[in-house]
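Trainee: Residue numbers (our numbering), protein chains in the order written: chain A, 1 to 286; chain B, 1 to 286.
In short, the hints are calculated from the structure, not lab data. Don't take each hint at face value.
As the list makes no split between identical chains, a pair holds if one copy fits it or if it spans any two.
Under the rule of at most 30 Å between Cα atoms (straight-line distance), these lysine-lysine pairs were calculated in the DSS-like manner [claimed, not checked]:
(1) 172 with 38
(2) 283 with 140
(3) 140 with 101
(4) 283 with 172
(5) 138 with 2
(6) 38 with 2
(7) 140 with 2
(8) 140 with 46
(9) 229 with 283
(10) 113 with 229
(11) 171 with 2
(12) 21 with 46
(13) 171 with 101
(14) 46 with 101
(15) 24 with 46
There are 2 protein chains.
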Amino acid sequence: MKDCIIIGTGVAGISAALTLKALKIDFEWLGSPQLSYKIRVAENVKNYAGLPSVSGSDMHGAFLRQIEGEGLTITDKRVNGVYPVDGGYSVMCGGDAYEAKTVIVATGIEAVKPVAGEREFLGRGVSYCAVCDGFLYKDKTIAVAVESAEEAHEVQLLAQYARTVYLFCLKKKFEVRGDNIKIMDGRLDEITGDMRVRAVVSGGEEIPVDGVFMLKSAVAADNLVHGLKTEGGHVVVDRSGATNLAGVFAAGDITGRPYQYAKAAGEGNVCAYSVNAYLNSIKVGN
Amino acid sequence: MKDCIIIGTGVAGISAALTLKALKIDFEWLGSPQLSYKIRVAENVKNYAGLPSVSGSDMHGAFLRQIEGEGLTITDKRVNGVYPVDGGYSVMCGGDAYEAKTVIVATGIEAVKPVAGEREFLGRGVSYCAVCDGFLYKDKTIAVAVESAEEAHEVQLLAQYARTVYLFCLKKKFEVRGDNIKIMDGRLDEITGDMRVRAVVSGGEEIPVDGVFMLKSAVAADNLVHGLKTEGGHVVVDRSGATNLAGVFAAGDITGRPYQYAKAAGEGNVCAYSVNAYLNSIKVGN
């Protein structure tokens, strides 16, 4: 069992990772090694102290160099659930589970609103994880909603299992090639069903499906971590980044506005120190 | 009356200034244009996201370039008190007063502990401000305690007024030239007197003085801002940086540990947004 798992590779996660390393804490870092998509596409950031009027792509480059320079490794995983286990938490990523005494949740905010029915059918035909649940839909018909071209490889993975994939682009439209992938023009308006998902609704038309994959860069925190207290979609934290769950800390956009790089970096830093204090406190307790 | 005054030019103040500018808020920025002394002397910072393994002096250079690039101006003033006035606050700096609807206190923490008697005799012979109070000690005998060579020019200013200056270096010893400046070997142990300061005590010896100047890079916040709620030497703030005083916000080391650049930058950023929200709220109120 590690001392800490950081979930997320935005600025909050980066800052937490750099500081955990400085504090010599043994941790696993889960997320995209390409870092947050939002950083790369930022046009120009003028108010991040130390990086004068920097483009998103230059900032992204600086972060990557720093991560490499510090010898930090990102494990390329999409997390689909965090559950309490004896002495800590288990972070589920597809078929793999990572365990640690503490967790720093730095997954950002949902850039797109949940679709009607998404939460209702979560675990009953709605999945956030192609790698985890794709095999369940062998030769079935599925709808896949994607936020950006980042998720293209997951769509292709799903297309290898499913007979038919209806692809909805939640934001800008893009192409994913595949004989059985149908790129939809309309919006994904609703997910319907009874005990399980039965169909999706788009532009008034009902399309029968066996399952729906919502491939988004960030998932609502309370869906991700069972029992996590949220308010208006944000994780409730105190000034140390502590949540209502002992050993679970949160940093960055997920804790609320302003959605700013400096705030995210600050909170990631503070969470790392709070993890350190927490680990010391449970050591004393034993 | 300005919309905001930032006090302090450490990382918290810099981040606040950059963000107030981005938010197009009219503000005055008071502090040392050489920025925080602590930044420059930092050996190596490894966990400030975006600046890989940077020396204090490189970081200092990056901040200066960014401040210049954004066209920000620092008014070179040492603040000696913040007082409520109609519609906001008056920030006193020597003979000058600056007024604003809001204040961001980002003055850092006291690097040295207060000397016995310092708080007791504040305003009764103890002063934090050479420029403000120096003229009161024409041809008198004073003790001056300094934290670093940063304050050398203020010591010289005082030596132009006073007959004799007993100079105590609170940290590393350094020289300030002047026929009437006596550099003391011993520590400044205590400030004593009756209604006013009468003497300082060093190594058991009592040295009669008429006044004592404590020239430190940061002054305890509750001494600086009348009525500000503190706890254990730190300003009590909520997650928005708000203090117990309406319109007064605090950011950086002054709000508590960890004393980290990333935390300071994050809090400065958040305070700027909180100032914006506060200004909007009082506009609506009018």
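Trainee: For each hint, tell me whether it holds in the structure or not.
Mentor: A quick look at each hint next to the structure:
no., hint, result
1, 172 with 38, "within (14 Å within a copy, 46 Å between copies)"
2, 283 with 140, "neither (50 Å within a copy, 58 Å between copies)"
3, 140 with 101, "neither (39 Å within a copy, 63 Å between copies)"
4, 283 with 172, "neither (49 Å within a copy, 38 Å between copies)"
5, 138 with 2, "neither (35 Å within a copy, 65 Å between copies)"
6, 38 with 2, "within (29 Å within a copy, 35 Å between copies)"
7, 140 with 2, "neither (38 Å within a copy, 65 Å between copies)"
8, 140 with 46, "neither (49 Å within a copy, 50 Å between copies)"
9, 229 with 283, "within (26 Å within a copy, 33 Å between copies)"
10, 113 with 229, "within (19 Å within a copy, 40 Å between copies)"
11, 171 with 2, "neither (37 Å within a copy, 41 Å between copies)"
12, 21 with 46, "both (28 Å within a copy, 9 Å between copies)"
13, 171 with 101, "neither (37 Å within a copy, 41 Å between copies)"
14, 46 with 101, "between (37 Å within a copy, 25 Å between copies)"
15, 24 with 46, "between (32 Å within a copy, 13 Å between copies)"
When held up to the earlier numbered hints, the structure conflicts with 2, 3, 4, 5, 7, 8, 11, 13 and fits the remainder.
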